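Q: Each chain, letter by letter, is given below.
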Amino acid sequence: MLNRIIAIAKKELKQLSRDTRMLFIIFFFPVVLLIIFGYAINFDVKHIKIAVYDRDKSDYTREYVNGLISSEYFDLITYVQDESEIKRLLDEKIVQAVVVFPNDLSRKLLSKQEVKVQYLIDGVDGTTASAIQNYVNAATYSYSIKLTKEYLAVTGKNSYVPIDLQPRFWFNPELQSTKFLIPGLMGMILIVTAVISISLSIVREKERGTIEQINVSPLSSFEFILGKTIPYIFISLINATIVLVAGYILFGIVIQGSLFLLLFGTLTFLFAALGLGIFISTVADSQQVAFQAANVTSLLPSFMLSGFIFPIETMPAAIQALTNVTPAKFYVVILRAILLRGAGISAFWDQLIYLGIFGTVFITLAIIVDKRSKGKQ
Amino acid sequence: MNSIEVNNLTKKFGDFTAVDNVNFTVKQGEIFGFLGANGAGKSTTIRMLIGVLEPTSGDALVGGYSIMKQPEMVKRNIGYMSQKFSLYNDLTVAENIRFYAGVYGLDGKKYQERKTWVLKVANLENMENTLTSSLPGGIKQRLALGTAVIHEPKIVFLDEPTSGVDPVSRRNFWDLINDLSAGGTTVLVTTHYLDEAEFCNDIILINAGKLVAQGNSKELKTNYIKNPILEIETDRTVDSLEILEKEKWVGETSIFGNYIHVILNDDTITEKNIIKLLQEQNGINVKRVERIVPTLEDVFIHLIEKDNKQNA
Numbered sequence: 002m003l004n005r006i007i008a009i010a011k012k013e014l015k016q017l018s019r020d021t022r023m024l025f026i027i028f029f030f031p032v033v034l035l036i037i038f039g040y041a042i043n044f045d046v047k048h049i050k051i052a053v054y055d056r057d058k059s060d061y062t063r064e065y066v067n068g069l070i071s072s073e074y075f076d077l078i079t080y081v082q083d084e085s086e087i088k089r090l091l092d093e094k095i096v097q098a099v100v101v102f103p104n105d106l107s108r109k110l111l112s113k114q115e116v117k118v119q120y121l122i123d124g125v126d127g128t129t130a131s132a133i134q135n136y137v138n139a140a141t142y143s144y145s146i147k148l149t150k151e152y153l154a155v156t157g158k159n160s161y162v163p164i165d166l167q168p169r170f171w172f173n174p175e176l177q178s179t180k181f182l183i184p185g186l187m188g189m190i191l192i193v194t195a196v197i198s199i200s201l202s203i204v205r206e207k208e209r210g211t212i213e214q215i216n217v218s219p220l221s222s223f224e225f226i227l228g229k230t231i232p233y234i235f236i237s238l239i240n241a242t243i244v245l246v247a248g249y250i251l252f253g254i255v256i257q258g259s260l261f262l263l264l265f266g267t268l269t270f271l272f273a274a275l276g277l278g279i280f281i282s283t284v285a286d287s288q289q290v291a292f293q294a295a296n297v298t299s300l301l302p303s304f305m306l307s308g309f310i311f312p313i314e315t316m317p318a319a320i321q322a323l324t325n326v327t328p329a330k331f332y333v334v335i336l337r338a339i340l341l342r343g344a345g346i347s348a349f350w351d352q353l354i355y356l357g358i359f360g361t362v363f364i365t366l367a368i369i370v371d372k373r374s375k376g377k378q
Numbered sequence: 586m587n588s589i590e591v592n593n594l595t596k597k598f599g600d601f602t603a604v605d606n607v608n609f610t611v612k613q614g615e616i617f618g619f620l621g622a623n624g625a626g627k628s629t630t631i632r633m634l635i636g637v638l639e640p641t642s643g644d645a646l647v648g649g650y651s652i653m654k655q656p657e658m659v660k661r662n663i664g665y666m667s668q669k670f671s672l673y674n675d676l677t678v679a680e681n682i683r684f685y686a687g688v689y690g691l692d693g694k695k696y697q698e699r700k701t702w703v704l705k706v707a708n709l710e711n712m713e714n715t716l717t718s719s720l721p722g723g724i725k726q727r728l729a730l731g732t733a734v735i736h737e738p739k740i741v742f743l744d745e746p747t748s749g750v751d752p753v754s755r756r757n758f759w760d761l762i763n764d765l766s767a768g769g770t771t772v773l774v775t776t777h778y779l780d781e782a783e784f785c786n787d788i789i790l791i792n793a794g795k796l797v798a799q800g801n802s803k804e805l806k807t808n809y810i811k812n813p814i815l816e817i818e819t820d821r822t823v824d825s826l827e828i829l830e831k832e833k834w835v836g837e838t839s840i841f842g843n844y845i846h847v848i849l850n851d852d853t854i855t856e857k858n859i860i861k862l863l864q865e866q867n868g869i870n871v872k873r874v875e876r877i878v879p880t881l882e883d884v885f886i887h888l889i890e891k892d893n894k895q896n897a
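These protein sequence lines are chains X and E, in that order.
In our numbering, each residue's number is its place in the first sequence (first place is 1) plus 1.
In our numbering, each residue's number is its place in the second sequence (first place is 1) plus 585.
If we strip away everything but chain E, and leave its shape as in the complex, we get (with noise of 0.2 Å):
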């Protein structure tokens, strides 16, 4: 069953088409990662997917609601939490709780469950009556999704909800999230963060407000890089990196850390070729060749490139 349907969506502002034509489905329960870099059409996306951006073309459904006929029941049926955490700094860890529960109309029983719920989730256990503003980042961040659900809606929203937090905190935020899908929730999240996009079931892939790729990890890697590639430590990371990018054979290039990922045009090459290259005839000492499956790192950089490439 899908939790989301977008069909065709659309957005411009003036001349400037920020979402175009954009169609994909999220299935209930799933996290559904959604990624590109800044400005290529994810919170504009999100935005009217939540209800308070009216697409210029196109529809979808959320919850089974038309975003642009019923946005109050989709708002009303959703959660969403913003990179900016939505919390009343100058209110206390339960004054925030109390104020969102009353926006959504819980009281009584539910009320205090859903408050021990939150409290809990977030790690504030007898600390409710701390003001929000003292606290650490990814307890407020925890705080802020747990708000964010606090009336159980069955599809939940995350704009880069882990932007500016360390990565224990991350990882505990991703826990959480794992819980929330485990429960039937559907998670759609933006993150920009690909060793997070790995925890997703589902991925997509933005540039320019395009669709330009989507799958789970597995498929984005073995479908959109059909051409070998190889990873490479030497002593001269830039002069190597020089050097292989004038070979006709070299496609595209990048560099991790101390390593350069390079993509193959050609089969018939192989490491013996590299180490011939650098070390033989540029005297560069090569530590290590080797073939290696494409991280989604590499299939995103090879993407949005070629992506690029196209729209010049």
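Extracted from the complex, chain X is given alone in its bound form (with noise of 0.2 Å):
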């Protein structure tokens, strides 16, 4: 039996070897998904290009402003002269914030009154606009706090703070979207990967009628399927391996946890997502309606549902339930814990079962598809 399957799996490796489409889909694919997501898709709010319009003029204005660009997340492009200019550069999408200081500043708080700064902030992205909130207030309330501590210093009182909020952000300190990214990114390539080419070369099979002579042999339908299977899990480890490789080298990903619960993971994870490629392949007949089928089983849910970007507890609860047709959703969940958190097995033993049954529900599909069809031929 063993030989039967090496026999198999041998000869798929060989004409894997000599399909270069395939080739390119199995390992040209993830290196443009992780650049695409690595690089182009980024949330991170940074170097955010503001105005100034300073009618005050003051040491106060100039320090104010020196504290925000001197952090990476403002870049200053221009100051504003007229008003009727904060407009254009709003406008022009010049710049996406506009800071505007009344020209009784620097006398108010000498007075020690209190002065209003008005920013106006370029709200079409409301994503970016609530971030760009968050880092004026941030540095706002900073500098409110040194001109505090100034005053009471002067006055020969202590500074007394009564509330002090220190945020730490566990896992990922600097909030780095590609950290958050990467796991569903892998996620993502390797149930691509495995559904396309486990389904295509079955499929392959029944179009070029090859399969009749596997019918005819002493082949089981399980060493055959064990014998295609086996290289592509193979692929998929040096998939997996290349994605990480990637995102330790690009993005200094390091996975906190232990390599041996993540390939325990992925094994599984792959045996969920073949399940669900030979499934597919039962039920095509052609490449072309397989690798269809292929792409709207996995890429689609495994992009929208997996919680890969959009995170799935703020879905509606319909769509939640939705969320189990991928079983990237669950590994997902397992790459976050062992990637970022460096968690333990009782982390996410549920997923494990969860992507254990979605394997096993597609297998028996397959099977009973597969006895429905022989004896119809």
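I should point out that these hints are in silico values taken from the structure, not numbers from a laboratory.
What you are looking at is a predicted structure, and each value in this text was computed from that prediction instead of being measured.
Possibly wrong hints are sitting among the right ones.
Stated by the list, open to error - 25 Å max Cα-Cα, derived SDA-like pairs, lysine to any residue:
#, chain 1, residue 1, chain 2, residue 2
1, X, K58, X, E13
2, X, K372, E, D600
3, E, K861, E, I848
4, X, K207, E, G690
5, E, K597, X, D60
6, X, K11, E, V874
7, X, K15, E, G690
8, X, K15, E, K695
9, X, K372, E, M658
10, E, K612, E, I848
11, X, K207, E, R661
12, E, K597, X, V370
13, X, K11, E, R661
14, X, K113, X, D60
15, E, K669, X, S222
16, E, K654, X, S222
17, X, K207, E, I848
18, X, K11, E, A679
19, E, K597, E, K795
20, X, K207, E, Q697
21, E, K669, X, Q119
22, E, K700, X, D60
23, X, K11, E, Q697
24, X, K94, X, E73
25, E, K669, X, K94
26, E, K695, X, I6
27, E, K695, X, Q289
28, E, K654, X, R5
29, X, K372, E, A679
30, E, K803, E, I889
31, E, K669, X, D286
32, X, K113, X, E73
33, X, K207, E, K795
34, E, K700, X, F252
As the list claims (entries may be wrong) - Chain X is faced by these chain E residues, among others (derived, beta-carbon under 8 Å):
#, residue
35, R661
36, Y665
37, L676
38, F684
39, V688
40, G690
Glycine included, each C-beta is placed from N, C-alpha and C at the ideal position.
Both chains are given apart, each in its own frame, so use the hints to dock them into the complex.
A: In structure tokens, the structure reads:
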């Protein structure tokens, strides 16, 4: 039995080595996705372009602006000379925010009165706008504290801040979105390449008629499927390694947890993904149909519903239930736990069970469909 | 000794009966021809005999194993080659041989021995690293047969193995089939080339899922057509055919190139009657009229037309 399985696996690898189109899908696709998601899609708000309309032109306003632009969050584009320019700058998207200092700012500060500083923020992109608001708040808050301290020092009193908020972000201290994206990306790459490659490789035998010779041989369906699957498991593991290495080199993502658990979780995920691929191969009769079906069932759900980009917790209940159609959802939880938090199996054992159920359901369905189609041709 | 025994084999797809209560036996080491038009039920019968399609009722023993109860044992003991060559075009010759040897569990010395044999029968010695896709059709077909019998099965099924290959390759291929048979292998072959049927020891003909004739080629030619057959050659083939078909004593007619074959209903009709009818009454120049032994083609056309009339 082992010899027969090896014969199939070897044959599969040789065929694959001559199939440039497939090799392209398997190895080039992940690289492209990594580059797109790693660099092009970046949810971090940095280098916000601002303009300053300084009607006070004092040490205070200069110090305040210096405070903003000394961080990497703000870039000072220009000083505005009159009000009409503000509209133009925002309209033409030359800047994302404009700070307006009133002309009585330094006078009011010296006389210990409250000062109102106006921020005009481009609100078209709500996420970016609220991020800008947060940064501005933080910067203004710390400058205010500094002024308070100076004032108290002058008057000979100790400074006293009743509650000082000190937030620390665990697991991803700089809140880099790539750290959040890479696990989801890895899930998506693995499921797409696994489902496409296994379903195409089985359907190709149907399409070319070679499956007939296999059916007449003493090979059992189990041996055939296993022999076909083994090469793709190895290829998927190679792909996973590529993503992890690229994640480390390009985005500085270090695997926090156990490598063994990572391998185990990945194999469980591949079981589910290949189960889906095998099921597709039993219902599809041509490579074209299989390719479409594989794309629709793997790429789309793993992108939209896996929690890869859009958090599942904020989806409506019906959509949340729908997210269970993709094994990538469970794998993303596992990956984030291992890669980012270094968590042990207690953090995701339930996800492993879901993956196991998913794979078993689809392989059972595949067996049922396969049995039914026999005796009909 | 019988290699294959088929008993009341029936296959229904819904309301359609593809194979209807078929019985026949195939002797060890013979070349058995399985004839019928496309859709007559040949492939369905073969697919049941090789254990990939379950019969609706009836059974068959193939190499002593029941196709109903022991399809896995049947598969181990047969070879199969279909009209679509089951070779992997993106593998080399050697890789294809290696793969099928692996599937049938051949290794070591046995594998080397069989590989050499397959390369020899396919005329591919020193070409084992050629991609299969670049081989000519005739060679591919021999390689397909070679790999189908790499495990030296006692029985081999060939489903229209020669469709779409040139006459010389067909001839070479039949030499290979004869060699296998001489070596004691039972060969069951489906074809619709009637000249190939002449090479078979025994022949069966099926039509609309039913067995309509069986025997060797000599028996078929003498047992199924009792009435005399005349072969007629004239200047105007089609006109002659129309005139002949109006006569009561003409049973069936068919055209073979420039010749017309006529099966007569009446023993008293002779060559003279034909000449009189065509030449004297209709002014068609008759070049030749001759009483002939029926060809297999005459027999099959006769049988199938008779069967279709009965079914209608």
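Q: Looking at the structure, which of the earlier hints fail to hold?
A: 1, 5, 6, 10, 17, 20, 21, 22, 25, 27, 29, 32, 33 and 34
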